[in-house]
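*Asks:* Keeping the supplied structure of chain A fixed, place chain B upon it in accordance with the hints.
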Amino acid sequence: MKTIEDNEFKGIGKKNPYKVPDGFFENISEKTLLKAKEREQNHGKSRVLWRTLAVAASMVAMVLLGYFIFEPDNKPATNLIVQNKQPVEQQIIQKQKISKQPEVAEVKKAVPEKTVSDASSTEVVGDILADLSDEELLQLAAMIKTDPFISESAQ
Amino acid sequence: MPFPEYFKIQDLTFGDFSHPKRKQKLLMKETADETIFSMIKNPALRDKGFLRLMDIYKEPIYWHIRRLVVLHEDAEDILQETFIQVYRFSGSFKGESKIYTWLYRIATNECIRHFRKNKNRMKNLGTMTSERSETDSENSDAILFKFQQAILQLPEKQRIVFNLRYYDELSYEDIGQILNSSVNSLKTNYHYASEKIKQYLIDHA
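Residue numbers (the numbering used here), protein chains in the order written: chain A, -9 to 145; chain B, 13 to 217.
Derived contacts from chain B toward chain A, CB cut-off under 7 angstroms, selection only:
id, residue
1, 96
2, 99
3, 206
No lab work stands behind these hints, which were simulated from the structure alone.
The C-beta atom is built at its ideal place from N, Cα and C for all residues, glycine as well.
Just chain A, same shape as in the assembly (with noise of 0.2 angstroms):
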């Protein structure tokens, strides 16, 4: 099919200055088939591996977050902290508590009349301070020191 193109560079033509090896257009098609069913094994077997460790890892990943979630040991921290510590510091929280009496004293004092009026919620109350912790108390100190609403007379 002529181009108008070709007259452009009539003198010149259209070969190529390359040449070729012997053999190679006669060998060149099987040699090309080996290397594209080889290509599309080894496509294959890795295919394999990728899924098998993909479905390994989301088997880890479930195991693991199920582990989390449904850890049986689910207590708050504090609770966890104060366990730990009671067969070994129990003396050091003792001193503690001496210490921050007069704070517990002013706790106590802190709580409205009405609600410590008969000597049996007076009994309540003083169980549930007893129940609280060192730290616990701390906050409520604190709290009755700047709450407004508990009476000059009280603190």
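*Replies:* Positioned in the frame of chain A, the structure of chain B alone reads:
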């Protein structure tokens, strides 16, 4: 679905340096292409169909690649890579374009990828051509090598468009499908390429 019965005759030169005239004429029958491709899609006939397809297109595709990358070793690798992709991804060909435009497209993309990977080497293509001329040709044809050097000086797209139009004699529509470009843009590219080649030949006469 019946395929249209028509023949497309193309004159393709495969760079047979020892023969001054064009030697090979390929008769491309689109129905034959479709038949071969249905063989490739059929698992039982896949290998046979693939070999048949390679027999028809290995030379034109090789020379298209060789004109771009110059070195035979690179051209061989890219040719193989092109047909390996055809073998593996024949299922992805939907018949929206002609089979040979699809083949040329894969080959051209592989060449472009090769250019990206070997940027430094590609800068010296013109020098490589002149070195090759001393070892490869029996009868040194100076103008032929100068012509190749002129083409190799072109920017990448102009070089590809020029080769596909001048050597492979593809229509602008086919080249548009290969390069995903408009016909007008390709005509412009070809025009500029021709002008630059003529200027180069004049300057280095």
